[in-house]
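Okay, here's what each chain looks like letter by letter:
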Amino acid sequence: MAQQLAIETSGLTKRFGDQKAVNSISLEVPSGSVFGFLGPNGSGKTTTIRMLLGLAEATEGEIKLLGTEIPKDLEKALPRVGALVEGPAFYPFMSGRNNLLRIDAADRFSDSSTRIERVESALDRVGLHNAGNKKVHAYSLGMKQRLGLANALLKPRDILVLDEPTNGLDPQGTREVRNLIRSLSAEGITIFLSSHLLSEIEMLCSHVAVMNAGKIVAQGLIEDLRNEEPTRLILRTDDVDLAVETLKSAGIGKAKILGDQITCEVDPALDVASLNAKLVRKKVSVKEIRLQRSSLEEKYVKLTGEGFEVVR
Amino acid sequence: MFAKALGIRLFLSELKVMFTRRRTWAMLAAIALIPILLAVAVALSSERLAPGEGPPFLAQVTQNGLFTGFTAMLLALPLFLPLTVSVVAGDTIAGEAGLGTLRYLLISPVGRVRLLVMKYLASLVFILAGTFTLMIAGAAIGAILFPVGPVTLLSGFTISIFEAFGRMALVALYTTVSLSGMAAVGLFISTLTTVPVGAMTATLVTSGVSNILGNIPQLEWMHSWLFTYYWLDFADLLRAPIEWGSMLNNIVLQLGWIAVFGALAYGRFTTKDILS
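Here the protein sequences come in this chain order: A and B. 32 is the number that our numbering gives to position 32 of the first sequence; each next residue is one higher, with no gaps. Quick note, our numbering runs 312 ahead of the 1-based positions in the second sequence.
For the record, the hints were derived by calculation from the structure and aren't laboratory data. Model, not experiment: these values are computed from the prediction. One or more hints might be untrue.
[As the list claims (entries may be wrong)] Here are the computed lysine-lysine pairs in the DSS-like style, where the Cα-Cα straight-line distance is at most 30 Å:
hint, chain 1, residue 1, chain 2, residue 2
1, B, 328, A, 134
2, A, 299, A, 287
3, B, 584, B, 328
4, A, 20, B, 584
5, B, 584, A, 76
6, A, 282, A, 254
7, A, 215, B, 584
8, B, 584, A, 155
9, B, 584, A, 64
10, A, 72, A, 215
11, A, 215, A, 254
12, A, 155, B, 328
13, A, 215, A, 64
14, A, 135, B, 328
15, A, 299, A, 256
16, A, 287, A, 248
17, A, 215, A, 282
18, A, 72, B, 584
19, A, 76, B, 328
20, A, 76, A, 155
Go ahead and model the full structure; you've got the sequences and the hints to work with.
This is how it looks when you write it as structure tokens:
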């Protein structure tokens, strides 16, 4: 066996009427990875998560979560899974602390003798210790989001499934959640992170899968995916012709010229400093020279389309 | 370990959620108001009803305050108690789905069957609380406004005050049994939707329909199958000796409704995709 998989699906399909919300996807989430799950609104991410957690039944296909079959052995897997699905949800008329006590009491595998302790440490971990006695209807969206994370952390978990965990959080909260995810990942917990925020995914994730219209259009190491897009050299100069000639002699061709800016695709390992020296020697007046690394966003847009309109 | 297997903690947590809600207390307060309004109205009016006029037992209220609870039960049974039952039973699953807490309960994991059973038992506890609230409030206001003494039963037999309290408790239990079938119907309806108000209304409609069907003589063949059929027969508990027949028939009938709608709720809820 090559690598342990925390989540593995094959041919996973969910049909609503005649529409396939999820169309035969095969996810492979390595154990210990921080796995980014990307896709536009309506691409089937949440439906997939619902099937992974046994909330919805798959029309076709198989799911293995932490090595157990879903939905057959759902109750074996779930106690090891912490989840935040489609936003937090709590009883507004109860305090944050009582909400956590309630959910933990519902878990038939949780130990009631350590319940209070675990709830307190979960509240501490998300910075809600002081607001624990406030009723949830008085919470801001960010506080509810934190409480949702606390709920996912009530017990030691092997995997966390987090759907938009920083939704509604202020910049400080976003940073804290990011740090929290990093520290959890350092503990060896697999993180399955669904998000629209590409910057967040880029900062946190080792692996990604991109969904579009119910299908996985790309999956793998984030570096590999990013490197599928070319690195570009950007050069601004008033001596455009001379510069293009010099670049050609350095083996860099296919220059696109726009005003005083030259753009060309180059090897990511290009030595910009020595190229610059060469240009200067040829008396090209260089106003700006830099490499533009390929971004995940570029790849993402290429995979999922430019359009703002929801696909379906 | 034993408590865990039986789900006692989940049950207690269920009750905690229910009795943390102001709505629950408001409904109990409204139930308590029924005998209070009734007693105050009777006490303030100078007219004395002739025996047999007005609702049954009403004439006795002025002579013995302990009858207030029984009279109030007669007034509350057709509409008000079913209303509170439909609020609680209709909310069981749909309420959690509407809040979104259902998905977190299920992935905790609570176990779908276990949740369904606990929800039903908790709604029975509410009905019990409601019927006892009504009887206790009735006895209390009756004792304040009217003379209290040994109670003369429908059969002319007289029982002591203590025994009268026993009969009150029996009537409250009887009514709880009466409403248990309707609670099962509400539980099933609650698994059909994520809009709790819809489930509550639909549940209330079923008791209304049942009451109407029970009043159409041409449909007499079906009357004894309606869950409302024995509702007002708690008066049989006010005879000496007690006539247990209607109590037994009522229990059997309600168990039938619980079995059918419990099974439907089970079938629906255990296979349902939770998309809320």
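A quick look at each hint next to the structure:
Taking the CA atoms of residue 328 (chain B) and residue 134 (chain A), the gap is near 17 Å; set against the 30 Å cutoff, the hint holds. Among the hinted pairs, residue 299 (chain A) with residue 287 (chain A) is consistent with the structure: their alpha-carbon atoms are about 29 Å apart, no more than 30 Å. Between residue 584 (chain B) and residue 328 (chain B) the alpha-carbon distance is near 26 Å, which keeps this suggested pair within the 30 Å criterion. Simply put, residue 20 (chain A) and residue 584 (chain B) have alpha-carbon atoms about 18 Å apart, close enough for the 30 Å limit, and the pair holds.
For a cut-off of 30 Å, the pair hint linking residue 584 (chain B) to residue 76 (chain A) stands: about 20 Å separates their Cα positions. A distance of roughly 20 Å separates the Cα atoms of residue 282 (chain A) and residue 254 (chain A); the hinted pair therefore holds under the 30 Å criterion. In summary, the hint linking residue 215 (chain A) to residue 584 (chain B) is supported, as the alpha carbons are separated by about 24 Å, within the 30 Å threshold. Taking the CA atoms of residue 584 (chain B) and residue 155 (chain A), the gap is near 27 Å; set against the 30 Å cutoff, the hint holds.
Restraint check: the Cα-Cα separation between residue 584 (chain B) and residue 64 (chain A) comes to about 21 Å, which is no more than 30 Å; the hinted pair holds. Taken as a hint, the residue 72 (chain A) and residue 215 (chain A) pair is honoured in the structure, with Cα atoms around 24 Å apart against an allowance of 30 Å. The hinted pair formed by residue 215 (chain A) and residue 254 (chain A) fails the criterion: a straight-line CA distance of about 34 Å is larger than 30 Å. Restraint check for residue 155 (chain A) and residue 328 (chain B): satisfied, since their Cα atoms lie roughly 22 Å apart, inside the 30 Å limit.
Distance hint between residue 215 (chain A) and residue 64 (chain A) is fulfilled; the C-alpha atoms sit about 18 Å from each other, no more than 30 Å. Taking the CA atoms of residue 135 (chain A) and residue 328 (chain B), the gap is near 15 Å; set against the 30 Å cutoff, the hint holds. As the CA atoms of residue 299 (chain A) and residue 256 (chain A) are separated by approximately 20 Å, the hinted pair is consistent with the 30 Å bound. A hinted pair counts as satisfied when its Cα atoms are at most 30 Å apart, and residue 287 (chain A) with residue 248 (chain A) qualifies at roughly 19 Å.
Between residue 215 (chain A) and residue 282 (chain A), the direct Cα distance comes to roughly 51 Å. Violation of the 30 Å bound is thereby established for this hinted pair. In summary, the hint linking residue 72 (chain A) to residue 584 (chain B) is supported, as the alpha carbons are separated by about 15 Å, within the 30 Å threshold. For the proposed pair residue 76 (chain A) and residue 328 (chain B), the alpha carbon gap of about 28 Å is at most 30 Å, so the pair holds. Note on residue 76 (chain A) and residue 155 (chain A): the hinted pairing holds, with a Cα-Cα distance of about 14 Å set against a maximum of 30 Å.
In the structure shown, a violation is registered for the earlier hints numbered 11, 17, in ascending order.
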